[in-house]
Amino acid sequence: LANPEQALEYVSQTGVDVFAPAIGTAHGIYKGEPKIAFDLLGRIAREIRVAIAIHGGTGLSDEVFKKCISLGGAKINISTQIKHAFKDSLSEYFRKSPQVYEPVKILAYMRDRVQEVIESFIEKFGSEGKA
Numbered sequence: 371l372a373n374p375e376q377a378l379e380y381v382s383q384t385g386v387d388v389f390a391p392a393i394g395t396a397h398g399i400y401k402g403e404p405k406i407a408f409d410l411l412g413r414i415a416r417e418i419r420v421a422i423a424i425h426g427g428t429g430l431s432d433e434v435f436k437k438c439i440s441l442g443g444a445k446i447n448i449s450t451q452i453k454h455a456f457k458d459s460l461s462e463y464f465r466k467s468p469q470v471y472e473p474v475k476i477l478a479y480m481r482d483r484v485q486e487v488i489e490s491f492i493e494k495f496g497s498e499g500k501a
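Going letter by letter, the sequence shown gives residues 371 to 501 in the numbering used here.
Do not take every clue at face value.
Claimed, not checked - Simulated restraints on C-beta separations:
#1 Arg465 with Ala392: 36 to 42 Å
#2 Lys437 with Lys401: 17 to 23 Å
#3 Asp482 with His397: 21 to 27 Å
#4 Tyr471 with Ile399: 28 to 34 Å
#5 Glu375 with Lys401: 26 to 32 Å
To be verified - Each computed BS3-like pair below joins lysine-lysine, with the alpha-carbon atoms no more than 25 Å apart:
#6 Lys436 with Lys405
#7 Lys445 with Lys457
#8 Lys401 with Lys445
#9 Lys401 with Lys457
#10 Lys500 with Lys445
#11 Lys405 with Lys445
#12 Lys437 with Lys401
#13 Lys500 with Lys436
#14 Lys436 with Lys401
#15 Lys437 with Lys500
To be clear, the hints were calculated from the coordinates, so they are not data collected in a lab.
Just so it is clear, the structure is predicted and the values come from calculations on it, not from any experiment.
We put the CB at the ideal spot given by N, CA and C, even for glycine.
Model the full structure from these sequences, guided by the hints.
Structure (structure tokens):
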């Protein structure tokens, strides 16, 4: 897990705009429930005063998202979820329309499914209507 003093030193020395502390989250699919150090997240967010990124948002509950955001999480990585939506939408498309093989139609369908997933996260994160 991240060391708050080292995090502050790193941010001060590098001038980074965003910092992603190790708080128990990880990229990819979780095998079991992650043990997230919320107290550590809150402490680091208060001390370093730059945007906090959360690694590994895919598979976390809405409650965990809300808590991370309330403690200072400004960016939550959900790339794995988006990639799965992309992959799953292709399979779904061919189940629903096995005779249609027009790439423009397939890609439009996939884009729409991925957009739905992204929009749902924008809403979950309370970012709707914000720049």
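Structure-based check of all given hints:
no. : hint                           : verdict
1   : Arg465 with Ala392: 36 to 42 Å : 40 Å, holds
2   : Lys437 with Lys401: 17 to 23 Å : 21 Å, holds
3   : Asp482 with His397: 21 to 27 Å : 25 Å, holds
4   : Tyr471 with Ile399: 28 to 34 Å : 30 Å, holds
5   : Glu375 with Lys401: 26 to 32 Å : 31 Å, holds
6   : Lys436 with Lys405             : 16 Å, holds
7   : Lys445 with Lys457             : 24 Å, holds
8   : Lys401 with Lys445             : 23 Å, holds
9   : Lys401 with Lys457             : 20 Å, holds
10  : Lys500 with Lys445             : 13 Å, holds
11  : Lys405 with Lys445             : 19 Å, holds
12  : Lys437 with Lys401             : 21 Å, holds
13  : Lys500 with Lys436             : 17 Å, holds
14  : Lys436 with Lys401             : 21 Å, holds
15  : Lys437 with Lys500             : 19 Å, holds
The structure agrees with every numbered hint stated previously.
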